[in-house]
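Letter by letter, the chains look like this.
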Amino acid sequence: MLFYFVSAPEHKWERQADAVLGIAASILLGCMMLLTFADVVARYLLNWPIRGGFEITELLLLVLIFAGLPLVSHADEHVTMDFIDRMLPARLVVPWMRMMHAICAAIMFFLAWQVWIKAGRVYGDTTQVLEIIAGPFVYFMSVMLAVTALVHSFKVFAPVAPRGPIGTT
Amino acid sequence: MTESLIGLACMLLLAFLRLPIALSMGVVGVVGYAYMRGWNWAPAFAMAQTQAYETGRNYALSVVPLFILMGNLVTRAGMSQELYRAAYAFIGHLRGGLAMATIVGCAGFGAICGSSIATAATFAKVAYPSMKQFGYSDRLAAGAIASGGTLGILIPPSTIMVIYGIMTGTSIGKLFAAGVLPGILATVLLCFAVQWVTWRDPKAGPRGERLTWKQRFDTLDGVGWFAAVGVAVVGAAQLGWLPADDAAVLGAIAVFALSLIFKGITSVIALFTLVMGGIYGGVFTAVEGAGVGAFGALIFALARRSLTWQALYASLVESARTTSMLFLILIGALMFAEFVNITSMPSDLKAFVKGLGVSPVVVVGAIMVFYVLLGTAMEELSMILLTVPIFFPLVVSLGVDPIWFGILIVVVVEIGLISPPVGMNLFVLNTLLPQVGTRTIFRGVLPFITADIVRLAILVAFPIISLYLPSLMK
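Residue numbers (the working numbering), protein chains in the order written: chain A, 1 to 169; chain B, 1001 to 1474.
None of these hints come from the bench; they were simulated from the model. Incorrect hints may appear among the rest.
Calculated from the model, a selection of chain B residues having no Cβ within reach of chain A, i.e. all distances over 10 Å [to be verified]: (1) L1066; (2) L1189; (3) T1219; (4) V1249; (5) L1258; (6) M1325; (7) D1348; (8) S1359; (9) F1370; (10) Q1435.
A few chain B residues facing chain A, derived, Cβ under 7 Å [stated by the list, open to error]: (11) A1015; (12) R1057; (13) Y1059; (14) A1294; (15) T1376; (16) E1379; (17) T1440; (18) F1442.
Predicted model, so just to flag it, every value in this text is computed and none were measured. C-beta: ideal position from N, C-alpha, C; glycine also.
Bound-form chain A, shown alone (with noise of 0.2 Å):
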């Protein structure tokens, strides 16, 4: 089986980078569970659900994907198809990586620009029960997207090293 090219981590900025979106991630994704675990014992136990408490999940799953993308990108964890690079030149095979992270740093680019769109668009707009106003969330939204795409424009550049596919199921 093949192996695909993928950038390796070398600066010590790279790690810590990713050290703090890791850890933010975290840190969402644990307030999460808690969260939907109180909600349940409150209810049951107390007869006291957690006010507005689906609305702080949704936002924080908007948050964690968001915070997610760039360390999925920078792991190089996007699920691509590899029959291309058994068909090129051996030579071919990383230059064709590299265009390929250029592509995607523009269409990450285009996605944190029409999110910023949509952000001035529903700014003032609250969640029903806390009026907890969305705009700050979705300018977070369209800054993940632009460090993504930075993390692509960067790995047009960045050394590389052999690693294998990444599973969905």
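Using the hints, position chain B against chain A.
Quick look at chain B alone, frame taken from chain A:
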């Protein structure tokens, strides 16, 4: 119709060129949408914005990260070791017994983990050394682990069922319930495959040692207490001493407490009963079940002292990354679905199939053949997300039960995961067991793929196997 097919071809071309599948679907979705609106980009961009935002902000989808986290925690809690040991104690002395114990152990692990890759990976570490010790052939060992691993997504919880359920608006609780009987059928058929291999070549799977009944029941430490709690809960509710909900909650607390004392496979049974029983009985929703399951898995892992801070962090961050990766694919697929839905493809396909005048079972059978073939070459989740928006309206219009169709989809995904050359479970084994060659793994899974195809045929022929348990739900 033509636009959709061209769109599909473009998407596959982009993916083939090695663009991430999520982005391939998204790009074609947005461009196709603009084309259908007469090259008007404003509605296409608005559609992209909405899909990115609404998909991320969807309460029902928070079930995905929570079940992934539960799976990652139990993987690190060493529960697979105990499951394997218990299954070995009961059936290890039979011919091919260790391979069958692997499959039964995988089925048990599948009941608390929704990922087939995690199941295969953990049993590669637990069962392979033991099979090697008894002189099992690499082919049988690899085949049993790879195919047993796929039970992880059929027996609830299951990531793929959750995603199918959300995409099609099918009840996740009912899908979970529907997976139980096909899961048992699958376990039995895979054990038959082991028997077939050892019948052809008895040296491939010699007998393990025979344990006494006392040793066997020792692996089930604490099962009596759990059974007593179960009887007490059901009894109290039936006799009207307590409202059913309160009885269930008290039972859940008792189960938690007992799991801290008894650390054998009973805690696996307890975790499964807690989460699935809660969802099945309507005590909580799928999201809440996932939250309770993840928290329960955390408590169990802590109780076994098998979870260091580092392992906890690794579980969390790995789950977060998998979540982001899955959601990007989901967002891309939803953009593609928006495009397909404004083309004439869904209605053309319906008209075409109705014109053929064949029975729904034939249509479903044809779709399954298509999936099995496509699954050999394509990544399974993307295959499902890409094609479900096209096939689902068709089969529903023919009166096919969405739950049954969902189970069949899970089964074709399972087959895809162990089909050479790109089955993901085969790759997992190839990475974790480098001493076993790729060709050996490919040849080893063939009897198990055959068993899976037999199972698919049985499930297509007898929908009742999938639909009996959900039909009992409220």
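Should the label of L1066(B) as a non-interface residue stand, given a Cβ cut-off of 10 Å to chain A?
-> violated (6 Å)
Closest C-beta approach of A1015(B) to chain A relative to 7 Å, hint status: holds (5 Å)
* Was the hint right that F1442(B) lines chain A, CB cutoff 7 Å? -> violated (10 Å)
**Message:** If I take the minimum Cβ distance from T1219(B) to any residue of chain A, is it greater than 10 Å?
**Reply:** Label holds. Min Cβ-Cβ 30 Å, cutoff 10 Å.
Item to complete: Find the nearest Cβ of chain A to the Cβ of V1249(B) and say whether that gap is larger than 10 Å.
Response: Violated, since 5 Å does not exceed 10 Å.
Hint check, Y1059(B) versus chain A [nearest Cβ-Cβ separation less than 7 Å]:
Cβ of Y1059(B) sits 5 Å from chain A, so the hint holds.
### Task
Classify the hint on T1440(B) as holds or violated, based on whether any CB of chain A lies nearer than 7 Å to its CB.
violated (13 Å)
Status of S1359(B), Cβ more than 10 Å from any chain A Cβ:
Given a closest Cβ separation of 31 Å, the condition holds.
| task | Would you check whether the claim that Q1435(B) is not at the interface survives, using Cβ distances to chain A and the 10 Å cut-off? | result | holds (15 Å)
* To do: Would you assess whether F1370(B), listed as outside the interface, keeps its beta-carbon beyond 10 Å of every beta-carbon in chain A?
  => holds (18 Å)
Practice item. Check the non-interface label on D1348(B): least C-beta distance to chain A beyond 10 Å or not. Key: Nearest chain A Cβ is 28 Å from D1348(B), so the label holds.
Checklist entry - Does the no-contact call for M1325(B) survive, Cβ to all of chain A over 10 Å? => result Answer for M1325(B): violated, closest chain A Cβ roughly 5 Å.
In this structure, the earlier hints numbered 1, 4, 6, 15, 17 and 18 are contradicted, and the remaining ones agree with it.
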